[in-house]
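Start from the sequences, fold in the hints, and give me the full structure.
Line order of the protein sequences matches chains A and B.
Per this note's numbering, the very first residue in the first sequence carries number 4; after that it's consecutive.
Per this note's numbering, the very first residue in the second sequence carries number 53; after that it's consecutive.
Be aware that a few hints might be false.
Sample of chain B residues lacking proximity to chain A, with all beta carbon distances greater than 10 Å (derived) [unchecked claim]:
#1 Ile-55
#2 Thr-62
#3 Thr-134
#4 Gly-137
#5 Glu-162
#6 Arg-165
#7 His-171
#8 Arg-188
#9 Ile-195
#10 Val-232
Computed from the model, here is a short list of chain A residues facing chain B with C-beta under 8 Å [claimed, not checked]:
#11 Leu-39
#12 Ser-44
#13 Arg-110
What the simulated footprint calls covered on chain B by chain A, stretch by stretch (three residues with Cβ under 8 Å from a Cβ of chain A suffice, anywhere in the stretch; the number is not a length) [to be verified]:
#14 65 to 76
#15 140 to 154
#16 172 to 182
#17 219 to 231
Just so you know, the hints here were simulated from the structure itself, not pulled from any lab data.
Using N, Cα and C, we set each Cβ at its ideal position, and we do this for glycine too.
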Amino acid sequence: MREIQTRRISDTVRELCLDSNRMLGDDILIRIRECLDQETSPTGQEVLSQILENARIAAEEQMPLCQDTGVAVVFLDVGQDVHVTGGDLYEAVQAGVARGYQDGYFRKSMVRDPLRRENTGDNTPAFIHTEIVPGDRIKITLLPKGGGSENMSEARILSPSEGPEGIKAFVLGRVRRSGANPCPPIIVGVGIGGTLELCALIAKRSLLRRIGQRHPDPCYAALETELLESVNRLGIGPQGFGGRCTALEVFVEVRPCHIASLPVAVNIQCHAARRGEAVI
Amino acid sequence: MKIDRKSIQTPLTDASVRMLRTGNHVLISGVLYTARDAAHRRMTDSLLRGEGLPVPLRGQILFYAGPAPAPPGRASGAIGPTTAGRMDAFTIPLLAEGLKGMIGKGPRSEAVRGAIRDHGAVYFAAVGGIAALLARCVLTSRIAAYPDLGPEAVHRIEVVDLPVIVANDCYGADLYEEGVAANRPAFP
Chain A
4 MREIQTRRIS
14 DTVRELCLDS
24 NRMLGDDILI
34 RIRECLDQET
44 SPTGQEVLSQ
54 ILENARIAAE
64 EQMPLCQDTG
74 VAVVFLDVGQ
84 DVHVTGGDLY
94 EAVQAGVARG
104 YQDGYFRKSM
114 VRDPLRRENT
124 GDNTPAFIHT
134 EIVPGDRIKI
144 TLLPKGGGSE
154 NMSEARILSP
164 SEGPEGIKAF
174 VLGRVRRSGA
184 NPCPPIIVGV
194 GIGGTLELCA
204 LIAKRSLLRR
214 IGQRHPDPCY
224 AALETELLES
234 VNRLGIGPQG
244 FGGRCTALEV
254 FVEVRPCHIA
264 SLPVAVNIQC
274 HAARRGEAVI
Chain B
53 MKIDRKSIQT
63 PLTDASVRML
73 RTGNHVLISG
83 VLYTARDAAH
93 RRMTDSLLRG
103 EGLPVPLRGQ
113 ILFYAGPAPA
123 PPGRASGAIG
133 PTTAGRMDAF
143 TIPLLAEGLK
153 GMIGKGPRSE
163 AVRGAIRDHG
173 AVYFAAVGGI
183 AALLARCVLT
193 SRIAAYPDLG
203 PEAVHRIEVV
213 DLPVIVANDC
223 YGADLYEEGV
233 AANRPAFP
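Put into structure tokens, the structure is as follows:
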């Protein structure tokens, strides 16, 4: 058994909040630059230039990339040989999120109750998804998720007979109806299989992949490429003002499922696709 | 490609609104008021009760934004537009009160687009997700109403050269419809 102190977990979560909200991944920046080269709409080019300029300013001035620093979605991959000491694991994560959002002067975007809507004041609770994995480490992954793109996301249970064509029509329809709202150029996370909740979770988790990282199964890698090309033919463009660059990437994740069901979820991420990862 | 930009000053006049056309790139300077979902509900509830608004909206621009807290030594924290469609249900009564402009992101409903035209108003789109860049345009910021709403409180902010694009002008044109239609056929 390897002992890990909750204090260390909390400090790590705090740093992930600060860094991920201020710095865009190099893979995202490279893809946005490629899009700028390919974009034919002058307004689209202007939008992409502003996005790159904003990333430079945010890193330089230690400001958040977007005022919507989101709900903190945390994935904990906990090694089964880890013994957490010094307190409650989940409380440590929540404390790290609260300190990170306070210390970074980030907006507090969480309400305590969906109908009463009183702000909790410290951006908690974070939503924590835990998996027990082999080993003696904890991997902490943070996905600050903005409201504009989350609002355009959807899950549906298709009939198995609808097959790949049904999946493509659902994904494309979802992106087309989303239009400008999720802040394109977007990343489209698609979960196929599992159950209602699992397809949504794997769609979200797919957003953590690096740009260009194709699915290991050639069948789904081809589906990702085809969906990306189809989305970029919709003409929505940067910020929905029209253009070639609607999506930076499409990621597909799959799971086994029931003989009666073909669950599909689309989780949309904005161009400020923030994520952070640390291993303790 | 060089983008031509028009500069305008708030409060807006009929003449300044009439010179703006959908697709124009505009730099806004002057006072703006922020308001998003919760503040909109309160303002329109006040009007329904026959009460006045907490800030005078005649000729003004509402910025659909909930800014982040200002770090020490800065006028404003991160600030940027939220999805305007969520404000559609509240917008027409505010236009009737003399609201002249709005800044947000994403398209408006058909009813709101019609009301923008009928009231001689304008809806600007700001780029979402560039809050560090936009925060540089803010000179001063203070809470003007509903402090209990936290980030959703109405802030009075003074900006200089805030970059936006005219999405709906007072003549009825729509940037989102026209932009997407113009770009779709190029890639059949």
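Structure-based check of each hint:
1. With 10 Å as the threshold on Cβ separation, the claim that Ile-55/B sits away from chain A is violated: the shortest Cβ distance comes to roughly 5 Å.
2. With a least CB separation of 21 Å from chain A, Thr-62/B remains clear of the 10 Å interface cut-off, as annotated.
3. Annotated as non-interface, Thr-134/B brings its C-beta within 10 Å of a C-beta of chain A; the closest such distance is 7 Å.
4. Listed as a non-interface residue, Gly-137/B fails to keep its Cβ farther than 10 Å from every Cβ of chain A; the least gap is roughly 7 Å.
5. No Cβ of chain A comes within 10 Å of the Cβ of Glu-162/B; the nearest lies about 14 Å off, and the non-interface call holds.
6. Every C-beta of chain A lies more than 10 Å from that of Arg-165/B, the closest at about 14 Å, which supports listing it as non-interface.
7. Residue placement check: His-171/B keeps its beta carbon more than 10 Å from all beta carbons of chain A (closest about 23 Å).
8. Once the 10 Å rule is applied to beta carbons, Arg-188/B is inconsistent with being away from chain A; the minimum gap is 7 Å.
9. Remark: the non-interface label on Ile-195/B is consistent with the geometry, its nearest Cβ contact in chain A lying 14 Å away (cut-off 10 Å).
10. At the 10 Å boundary, the C-beta of Val-232/B falls inside the reach of chain A, the nearest C-beta of that chain being 5 Å off.
11. Taken as an interface hint, Leu-39/A does not check out: its beta carbon lies about 12 Å from the nearest beta carbon of chain B, beyond 8 Å.
12. Because the closest C-beta pair between Ser-44/A and chain B is about 6 Å apart, less than 8 Å, the hint holds.
13. A cut of 8 Å between beta carbons decides the hint on Arg-110/A: the least distance to chain B is about 4 Å, and the hint holds.
14. Given a C-beta distance limit of less than 8 Å, the hint that chain A covers the stretch 65 to 76 of chain B is violated, as 1 residues qualify and 3 are needed.
15. Beta-carbon proximity to chain A at under 8 Å applies to 0 residues in the stretch 140 to 154 of chain B; the threshold of 3 is not reached and the given coverage is violated.
16. A count of 5 residues in the stretch 172 to 182 of chain B with a Cβ less than 8 Å from any Cβ of chain A is obtained; the coverage claim is therefore met, three being the minimum.
17. Coverage of the stretch 219 to 231 of chain B by chain A holds in this model, with 4 residues showing a Cβ closer than 8 Å to a Cβ of that chain against a need of three.
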